[in-house]
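Line order of the protein sequences matches chains A and B.
Once you know that position 211 of the first sequence is 211 in the UniProt record's numbering, the rest is easy, because the numbers rise by one and skip nothing.
Once you know that position 218 of the second sequence is 218 in the UniProt record's numbering, the rest is easy, because the numbers rise by one and skip nothing.
Quick caveat, the hints were computed from the structure, so don't treat them as lab data.
A few of these clues could be false.
With a straight-line cut-off of 20 Å between C-alpha atoms, the simulated SDA-like cross-links for lysine to any residue are [as the list claims (entries may be wrong)]: (1) A:Lys389 with B:Asp134; (2) B:Lys100 with A:Pro403; (3) A:Lys389 with B:Lys182; (4) B:Lys182 with B:Gln85; (5) A:Lys353 with B:Glu89; (6) B:Lys100 with A:Ala432; (7) B:Lys182 with B:Tyr139; (8) A:Lys353 with A:Pro420; (9) B:Lys100 with A:Ala412; (10) A:Lys389 with B:Gln74; (11) A:Lys389 with B:Asp12.
Chain by chain, the residues:
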Amino acid sequence: MTMAKRFCELQAHAPPNISGWPWLRAFRQQAQRAFAAQELPTLRQENWKYTNIRSLSETAFSDAPPPGAAELAQAENVQQTQALSLPGYRLTFIAGHFQPQLSQLETLSGAARLLPLKQAFEQEQALVENYLGSAMEYPGQPFAALNSARLEDGVLLYLPANCQLSQPIHCLFYTPSGPHSHVSYPRLLLMLEPGAQAQLIEEYLGDPVPPENAAAQFTCPLSEIILAHDAHLLHGKVLREGPQGHHIAGIHVSQAEQSHLHSISITLGGGICRNDLQVKLHARGAQVRLDGLYMLAGRQHLDNHLRIDHLQAGCRSEVLYKGIIDDRARGVFNGLAVVHPQAQQSDARQINKNLLLSENAEIDTKPELQIDADDVKCSHGATVGQLDKDALFYLGSRGMDQPTARALLTTAFALETLNPLSQGPLREQLAALTGTTLTRQAGGKPPATTSHS
Amino acid sequence: MLSIRNLGVRIDNKLILQGINLEVAAGEVHAIMGPNGSGKSTLAQTLAGHPDYQVSQGQVLYQGQDLLSLNVEQRAAAGIFLAFQYPVEIPGVSNIQFLKSALNCQRKQRGEPELDALDFITDVKQKMRQMQIDEALLYRGTNEGFSGGEKKSNEILQLLVLQPQLAILDETDSGLDIDALKRVAAGVNAFRSPERALILVTHYQRLLQYLVPDRVHVLQNGRIIRSGGAELALELEQQGYTTDTPSEDAPTQKREVPDDNG
Ligand SMILES: Nc1ncnc2c1ncn2[C@@H]1O[C@H](COP(=O)(O)OP(=O)(O)OP(=O)(O)O)[C@@H](O)[C@H]1O
Ligand SMILES: [Mg+2]
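Chain A with its partners taken away, still in its complex shape (with noise of 0.2 Å):
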């Protein structure tokens, strides 16, 4: 049975742990609906024109059963040996299904929350009544209605008014590999109340070296943010699936006057894999950064899809994307920027920035504005580039062999989007993780001792 008819026929699947309760099970059917009233997209809707699904929605993917002995030993040897090492809190998911015993979880001090998701629907139902599906909207976002339809579990994270945590949030998402074909679909839903502040990092991990008869998997993650008044987040992403792991995520963030989202977003690898940002900035003095970076290889695909509503005067907005792509990879960068009516005085900035490093790899870039006020400060850009090749022969001059000079280079290139971030393990591990993935790709080149173009 393909994706798209197996979809259709949601209902009757409903995992009985938690249709028991009316108002979810209401959500649910309300999503399904919103799915089924839209087609799977197609190369020939303008926002999916170079991210071709149809392999996906000729997979026929199974929920992902609960993992066994095997799989849990992969996920802690993935955990030690792969993951971002941070301090501070974990929850640990193996195909959707969160795992106590790889996670590092305490009772946050008053009335403050971090928990599974599943079991937030039984000890704070009335947090996540009142704050799932307030952050996105389903027209548009098939994907979005899908998860909405189908979620189970994930994390729920409530912050009162002036409540900091001091220690990042890593969520780590293992997809094992296996003969079968899997879905999942983690719901993540973050409420920071005013004057709050927190730091969460999302991270997607496949097998680093899957087995030959690997079949290909399926995550379709979704993010809800809601910051109000002066609260500030800092949002991490880190997508590293296997070659086999399909990846369709959404992040919907709104944001209240003078509230600060700084989202870095670093893909380092996957099968077909997208991103959907949608920000939007509701009040005056809401500020974003988006950073992103995307080192692609193989034969992987990643669509990084960004929008930015400046609904209110006075908002601000910057995005730093970033992409080296190699062999017959290819991105999709896709950033619009809305400037609505009342929006006076808005500030919003996009650049994207490319390095190909091989003849066959494949960018399409448009950073889009769409201004309908008069007094603003808008820019955007794009370069697509190879390697500068006078200051890979200067290395080379002064006795660096091309795959270090390479490395160099496209390592350079690569950082400028953690300089935002301040000093810290997660600026280390991330500044590390960027390093080996490309030192990996460049050494895996031959030495090459004519020219590069």
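Model the placement of chain B with the ligands on the given structure of chain A, informed by the hints.
Only chain B with the ligands this time, still in chain A's reference frame:
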């Protein structure tokens, strides 16, 4: 040490060097002078191994081996160093990272162990003091936003750290103030030894007062049209390239006017 025989070089199918002959022995200093566009940088870049410069004829022996069969990094590891006329900016790669990576790559190619990090940084800082380069430049992107003079001094810092055998300085003196010129000359003099050789590409006599050449060559239209002792540089400075050249087909060239900042 270096033996260039009948070297012809083209770039984009345009013949630039047309039969250069030059012998440089260990311990010697050679100066190459000549009008703009005569091919001085082309010669320097060809010796360093720039892939865009195609050798159309001739051969180059360096310490007895065929230099032209080595790629750029192999030449560097074998001891060739080119101080660029226009040093390249490398944003995001700090000067210290650059130096360390370069030195360790060379050592690896020569089968030597990596340098101890502390010894390395101590050595670099001592040489920066010698060149009076601000230590802050160690942590900035290599040459990124450096002033013209800082870039040239930084080339000599690299020379001092990398300790090559044959250094080719392509107009390192251009754009330096008087004190910086003296420091560069002092740095290069510290580098000199009976085993090492130096090729100075310059337009001015001034540098040659501090680094007295054994031979001076005049390059014009891709050929060495004259060679002489140190006194030839002085003569050229006074009379220009055109007055006394034996080559009758040389086009008229304006005399070089020295920078007014020195
Ligand atoms: N990439 C290129 N394509 C075409 N011509 C080139 C290229 N590079 C150099 N040339 C030409 O080769 C000739 C020699 O250039 P070169 O840089 O070697 O001169 P130079 O003697 O170093 O001059 P200067 O004193 O101005 O530094 C010039 O006419 C220059 O225009
Ligand atoms: Mg020149």
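Right, here's what the structure says about each hint:
{"no.": "1", "hint": "A:Lys389 with B:Asp134", "in the structure": "29 Å, violated"}
{"no.": "2", "hint": "B:Lys100 with A:Pro403", "in the structure": "16 Å, holds"}
{"no.": "3", "hint": "A:Lys389 with B:Lys182", "in the structure": "33 Å, violated"}
{"no.": "4", "hint": "B:Lys182 with B:Gln85", "in the structure": "18 Å, holds"}
{"no.": "5", "hint": "A:Lys353 with B:Glu89", "in the structure": "18 Å, holds"}
{"no.": "6", "hint": "B:Lys100 with A:Ala432", "in the structure": "18 Å, holds"}
{"no.": "7", "hint": "B:Lys182 with B:Tyr139", "in the structure": "25 Å, violated"}
{"no.": "8", "hint": "A:Lys353 with A:Pro420", "in the structure": "17 Å, holds"}
{"no.": "9", "hint": "B:Lys100 with A:Ala412", "in the structure": "15 Å, holds"}
{"no.": "10", "hint": "A:Lys389 with B:Gln74", "in the structure": "18 Å, holds"}
{"no.": "11", "hint": "A:Lys389 with B:Asp12", "in the structure": "16 Å, holds"}
This entry does not satisfy hints 1, 3, 7, going by the numbered hints stated previously.
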